[in-house]
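Student: Residue numbers (our numbering), protein chains in the order written: chain A, 1 to 311; chain H, 1 to 144.
Just so you know, the hints here were simulated from the structure itself, not pulled from any lab data.
On a predicted model such as this, the values are computed, not experimentally measured, just so you know.
We put the CB at the ideal spot given by N, CA and C, even for glycine.
BS3-like mimics (lysine-lysine), calculated; alpha carbons at most 27 Å apart, straight line:
no., chain 1, residue 1, chain 2, residue 2
1, A, K160, H, K101
2, H, K140, A, K189
3, H, K123, A, K160
If you want the footprint, here are the derived chain A segments under chain H, 3+ residues with CB under 8 Å:
no., stretch
4, 84 to 96
5, 100 to 113
6, 123 to 132
Here is what each chain is made of, one letter per residue.
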Amino acid sequence: MSKHLIEPNDLSNEEILKLIEVGKEIQVNPKKYNQLCSGKILASLFFEPSTRTKFSFDAAMIRLGGHIIGFADANTSSAKKGESLADTIRVMNFYSDIIVMRHPKEGAPKLASEYSNVPIINAGDGGHNHPTQTLTDLLTISKYKKTLENHTIALVGDLKYGRTVHSLIKTLAKFNSKKFILVSPDELKLPSFIIDYLKVNYPEIEIAEARYLEDVIEEVDIIYMTRIQKERFFNEGDYIKLKNSFLLNKEKMKKAKKDAIVMHPLPRVNEISYEIDDDPRCVYFDQSNQGVFIRMALITKMLEVGDYASC
Amino acid sequence: MRLVNSIENGIVIDHITAGKGMIVFNELKLKDVCNTIVLLMGIPSKHLNKKDILKIEGDFKLDPKVLGLIDTNIIVNYIEDNKVIKKEHVSVPDKVSDIIKCDNPRCISHTDDYAKPIFTLMKQNGELEYQCSYCEEITKIKFK
Ligand SMILES: [Zn+2]
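Let's have the full structure, built from the sequences with the hints guiding it.
Tutor: This is the structure in structure tokens:
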């Protein structure tokens, strides 16, 4: 693979499956991994705050026995003083073995990778790519559904702006999904270029649209919920109307398959009722947990240690 | 032909679709050069109904990619000692850098001087559409 992880496509299917395998093995056998990165330094460069993602990477590196340096938002960094990203990266190359970066500008991690000798992991660039979220989703699916293949997946909520959904769809398509069911308000439909992309490249995958999740929930294996943001609507009234029709609650879950799973990248706002949190099919909290394990696997891959050591 | 050959050394940009001569003039930033420039507009033409011609006298470094973005009818004549030494048909470039800017306001190329995007041609029937190598958004080419 390329030395960096900038977008999900930087990884082949085989590489993704191996990461998932290592991510699972770490959970079974954490002792085997807890010193693999001792003496290594991860630079965590968050040019825009994202507490969840930062903690997830920090926890991953610490669980591998490594160290972290960095900053949590650009106000404390030299970027504030107008330094080019290229210069920041060149300097951080001396201080660290691997760099995780989040940046508000789209394409920033790619620019950084052009000036870096150490591996760069994109932890989100604006609304562009967020490959470790996709990997987290895949590990979660694999854990609960045993395989990534042949599922019927309902994607619910903001399918227009939610780029993590776009990247998840494209990646799942590579693993022979059976059917995608798109459930969203008219204002937030999946862009047609993604539907066209699926039709051209994966004509065997069925694509359906539904206005309400309850109309299709019986046939779904994976319910992937996303956050509907108020800012996407012109008026508050539309938003309030919609937010209730997209709420997943006990009533709707009654009709879902016994072995279905409910996922959400978190934080949730109003999409999932607290009353179903204890339903064993709701895996969204463990999904965050899986995020740490897949990031651990990724760090060992990029630092070529443990299962990835070259002998 | 008299018009085409009437400079000794330089470049004649011929067969510009009528009305686009001024765009070529602006995009080549000819108001900032010290060469002698002649812009002829609305000349009767065999191939096109009417055409514009732009002549640049003397040494001038021409980037034919700029012309390809504006008008693929253009033929460039390179003149030395009153003779046409080379004719070049321009075409729509597959890749461009420098000469266009990314349309996406959130793109890193607008805020970091090191980011020099390469744009790849994605679509060329009707409007030209180029994809930015950093943010991957589409930039449409339009000239005023
Ligand atoms: Zn761009």
